[in-house]
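> Each chain, letter by letter, is given below.
There are 2 protein chains.
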Amino acid sequence: MTAGAAVALDALMSSIRVDLDLAESEMQRMLATGTEPVRSLLEHVSRFRGKQLRPALVLVAGKMFGELGRDHHKVAAIVESIHVATLVHDDILDESAMRRGVETVNRKVGCETAVLLGDYLFATAFKEAALLKSRFPACDLSGVVAVVCTGEIQQVHNRNNMDLSEEIYFEIIERKTAALYAGALRNGAHLSGASQEQAAALARFGTKFGTAFQIVDDILDLTGDEARVGKSLGTDLAKAKMTLPLVRLRDLASPADRTRLEDAIASHDAGRIRPLLVEYGALESARTTADDLVRDAQRELDDLPDVPERTLLQQASEYVLSRDR
Amino acid sequence: MTAGAAVALDALMSSIRVDLDLAESEMQRMLATGTEPVRSLLEHVSRFRGKQLRPALVLVAGKMFGELGRDHHKVAAIVESIHVATLVHDDILDESAMRRGVETVNRKVGCETAVLLGDYLFATAFKEAALLKSRFPACDLSGVVAVVCTGEIQQVHNRNNMDLSEEIYFEIIERKTAALYAGALRNGAHLSGASQEQAAALARFGTKFGTAFQIVDDILDLTGDEARVGKSLGTDLAKAKMTLPLVRLRDLASPADRTRLEDAIASHDAGRIRPLLVEYGALESARTTADDLVRDAQRELDDLPDVPERTLLQQASEYVLSRDR
Numbered sequence: 001m002t003a004g005a006a007v008a009l010d011a012l013m014s015s016i017r018v019d020l021d022l023a024e025s026e027m028q029r030m031l032a033t034g035t036e037p038v039r040s041l042l043e044h045v046s047r048f049r050g051k052q053l054r055p056a057l058v059l060v061a062g063k064m065f066g067e068l069g070r071d072h073h074k075v076a077a078i079v080e081s082i083h084v085a086t087l088v089h090d091d092i093l094d095e096s097a098m099r100r101g102v103e104t105v106n107r108k109v110g111c112e113t114a115v116l117l118g119d120y121l122f123a124t125a126f127k128e129a130a131l132l133k134s135r136f137p138a139c140d141l142s143g144v145v146a147v148v149c150t151g152e153i154q155q156v157h158n159r160n161n162m163d164l165s166e167e168i169y170f171e172i173i174e175r176k177t178a179a180l181y182a183g184a185l186r187n188g189a190h191l192s193g194a195s196q197e198q199a200a201a202l203a204r205f206g207t208k209f210g211t212a213f214q215i216v217d218d219i220l221d222l223t224g225d226e227a228r229v230g231k232s233l234g235t236d237l238a239k240a241k242m243t244l245p246l247v248r249l250r251d252l253a254s255p256a257d258r259t260r261l262e263d264a265i266a267s268h269d270a271g272r273i274r275p276l277l278v279e280y281g282a283l284e285s286a287r288t289t290a291d292d293l294v295r296d297a298q299r300e301l302d303d304l305p306d307v308p309e310r311t312l313l314q315q316a317s318e319y320v321l322s323r324d325r
Numbered sequence: 001m002t003a004g005a006a007v008a009l010d011a012l013m014s015s016i017r018v019d020l021d022l023a024e025s026e027m028q029r030m031l032a033t034g035t036e037p038v039r040s041l042l043e044h045v046s047r048f049r050g051k052q053l054r055p056a057l058v059l060v061a062g063k064m065f066g067e068l069g070r071d072h073h074k075v076a077a078i079v080e081s082i083h084v085a086t087l088v089h090d091d092i093l094d095e096s097a098m099r100r101g102v103e104t105v106n107r108k109v110g111c112e113t114a115v116l117l118g119d120y121l122f123a124t125a126f127k128e129a130a131l132l133k134s135r136f137p138a139c140d141l142s143g144v145v146a147v148v149c150t151g152e153i154q155q156v157h158n159r160n161n162m163d164l165s166e167e168i169y170f171e172i173i174e175r176k177t178a179a180l181y182a183g184a185l186r187n188g189a190h191l192s193g194a195s196q197e198q199a200a201a202l203a204r205f206g207t208k209f210g211t212a213f214q215i216v217d218d219i220l221d222l223t224g225d226e227a228r229v230g231k232s233l234g235t236d237l238a239k240a241k242m243t244l245p246l247v248r249l250r251d252l253a254s255p256a257d258r259t260r261l262e263d264a265i266a267s268h269d270a271g272r273i274r275p276l277l278v279e280y281g282a283l284e285s286a287r288t289t290a291d292d293l294v295r296d297a298q299r300e301l302d303d304l305p306d307v308p309e310r311t312l313l314q315q316a317s318e319y320v321l322s323r324d325r
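Each protein sequence line maps, in turn, to chains A and B. Those letters in the first sequence? Residues 1 to 325, per my numbering, in order. Those letters in the second sequence? Residues 1 to 325, per my numbering, in order.
Everything labelled a hint here was simulated from the structure, so no lab data went into it. Accuracy of the hints is not assured; some may be wrong.
[As the list claims (entries may be wrong)] Some chain A residues flagged as far from chain B (calculated, every beta-carbon gap over 12 Å):
{"#": "1", "residue": "I273"}
{"#": "2", "residue": "G281"}
{"#": "3", "residue": "D302"}
{"#": "4", "residue": "T311"}
[Said to hold, decoys possible] Computed cross-link-like contacts, DSSO-like style, restricted to lysine-lysine with a CA-CA straight-line distance of at most 27 Å:
{"#": "5", "chain 1": "A", "residue 1": "K239", "chain 2": "B", "residue 2": "K108"}
{"#": "6", "chain 1": "A", "residue 1": "K108", "chain 2": "B", "residue 2": "K133"}
{"#": "7", "chain 1": "A", "residue 1": "K133", "chain 2": "B", "residue 2": "K133"}
{"#": "8", "chain 1": "A", "residue 1": "K239", "chain 2": "A", "residue 2": "K108"}
[Unchecked claim] Not everything, but these chain B residues come out facing chain A in the computed CB check (under 10 Å):
{"#": "9", "residue": "D71"}
{"#": "10", "residue": "G118"}
{"#": "11", "residue": "D119"}
{"#": "12", "residue": "V147"}
From the three backbone atoms N, C-alpha and C, an ideal C-beta is built for every residue, glycine too.
Throw the hints in and build the complete structure from the sequences for me.
Written as structure tokens, this is what we have:
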């Protein structure tokens with residue numbers, strides 16, 4: 001990560017540190033249960049959690065339009081629980097063994113329990129949302145989850161589809177990844193009384209930022225260092241998922257190299273793909289798109305109130321471009 | 001099915017036929033989507049649906065306390081969508097290939113898509129619930145789903161546990177099966193303005209009826225005819241699930257037969273278990289418990305208003321004892 005982006009992200013997180021801790025307490029309350037093995041499994045999956053970017057976005061968006069209250073903390077916890085549920089289910093889809101350096105639920109106790117634990121996390125998040133004074137989060141976030149699932153189903157459906165268009169690629173990642181970032185920001189703003197236009201501008205920031213985030217994720221899956229990233233890599237290729245670098249390479253390659261690429265994808269051979277990605281500049285091309293999306297995202301905030309959180313959010317969004325895990 | 005029970009169930013369903021059709025329309029509206037392959041998968045899973053017992057319970061409970069309105073139809077559709085979601089996920093857990101004579105989602109398009117389609121159905125049901133005027137169904141039914149998942153996780157956790165107590169067996173099936181019957185009745189009554197006591201009495205009926213339903217299901221899994229039942233059987237044994245007939249047999253058997261039973265369960269050998277079940281009367285013993293539960297369930301309704309629906313519900317509950325599929 002570049003020093004500037006790291007400093008900006010730290011500044012963003014520091015500005016809401018106390019509220020992130022309060023959101024964490026809400027999450028522990030929400031997920032408290034005495035029934036084994038649910039309790040110990042929830043403790044295990046709490047170790048999957050990383051930077052807590054999604055709850056942070058709820059809180060920052062809320063702070064742009066007023067004081068934060070307990071419902072912001074609850075919604076941050078709800079968004080994080082939804083995120084953890086999708087991680088637990090994603091690891092089944094990807095047959096991943098590791099996440100953030102610990103065993104996935106499917107690896108630890110089997111695919112069946114992973115299905116059910118994800119369902120439990122979704123249901124608990126929806127229950128918490130249904131109990132809020134504002135009806136907005138329950139309506140909005142359940143819709144977001146349906147959108148996320150639709151994107152994931154489309155992705156599975158397009159495995160081995162070498163002809164996947166860029167248009168469908170973007171539709172898929174906007175749904176499966178960006179929709180929850182957008183939802184986090186929209187709900188945070190809404191709870192603080194932002195206008196519909198203001199909440200929508202933050203959601204557009206989230207969509208573009210989230211899309212850039214997923215593109216970088218897709219690049220890391222091809223080029224990253226597994227020990228550093230802390231999760232199973234090469235899973236996209238193992239599942240014959242056409243991600244942006246591969247889509248770009250396919251479109252740039254000579255007919256002979258396109259045939260080589262198709263063979264390499266069919267045999268999940270990353271070793272033969274990497275030189276082609278470099279030769280045709282496909283990684284650079286994907287990175288440039290991520291870069292453009294972050295700039296676009298930043299501009300979405302230009303008409304919002306000129307508060308410190310707005311600048312922090314714009315500056316911290318750079319971090320996605322320089323992440324190496 | 002005995003003639004009397006069949007007539008009573010038909011009478012119950014006929015009394016709400018128009019409303020069941022309206023609930024069906026609400027379900028189709030709720031689940032309408034233009035995105036493939038989600039649309040065609042939802043069409044496929046609509047063929048899993050059977051007697052529509054759960055939506056019928058919402059409607060009958062509602063009718064006991066007043067006129068049915070659109071929100072009853074919506075809640076009936078929500079309950080049915082939740083039920084279908086659990087079926088889709090259950091088939092992954094059981095690795096079932098068939099359900100009601102059609103391919104399961106996991107068999108048709110893989111475990112991954114089955115996970116996601118179930119999630120989509122849950123999210124869509126919760127969204128519909130969140131949009132209702134009454135906040136009760138969203139809060140209550142999300143809690144019910146969490147309870148269902150807890151029961152299912154406990155069940156998976158207790159596979160191969162030959163020492164499973166009856167107490168835990170009943171805890172598991174009350175959660176995984178009976179909780180949704182209870183929820184259907186409680187929500188239907190609540191929407192019609194029933195008192196908390198009245199809704200709770202109906203929920204207790206649902207818990208006992210649902211528990212009896214699951215016991216009969218567990219018996220059928222050991223003794224049923226696959227073609228007639230229309231789904232994969234023997235899955236409990238294949239997953240080394242200790243169901244009530246097996247728990248009773250274990251407790252009744254001589255030390256030598258108990259060893260034989262444990263060997264047969266470990267090797268999933270239904271052929272060696274069936275004679276033991278008959279010899280020790282374990283099937284009869286489990287059936288008697290189901291029978292007692294249905295009588296108990298019927299008595300829970302004694303203090304409710306003496307309307308035709310109450311009698312229909314009491315009489316129709318008999319059907320569970322005589323089902324052969």
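> Against each hint, give a clear statement of whether it holds in the structure.
Tested hints:
no.	hint	verdict
1	I273	holds (23 Å)
2	G281	holds (32 Å)
3	D302	holds (32 Å)
4	T311	holds (34 Å)
5	A:K239 x B:K108	holds (18 Å)
6	A:K108 x B:K133	violated (42 Å)
7	A:K133 x B:K133	holds (13 Å)
8	A:K239 x A:K108	holds (21 Å)
9	D71	violated (15 Å)
10	G118	holds (7 Å)
11	D119	holds (5 Å)
12	V147	holds (9 Å)
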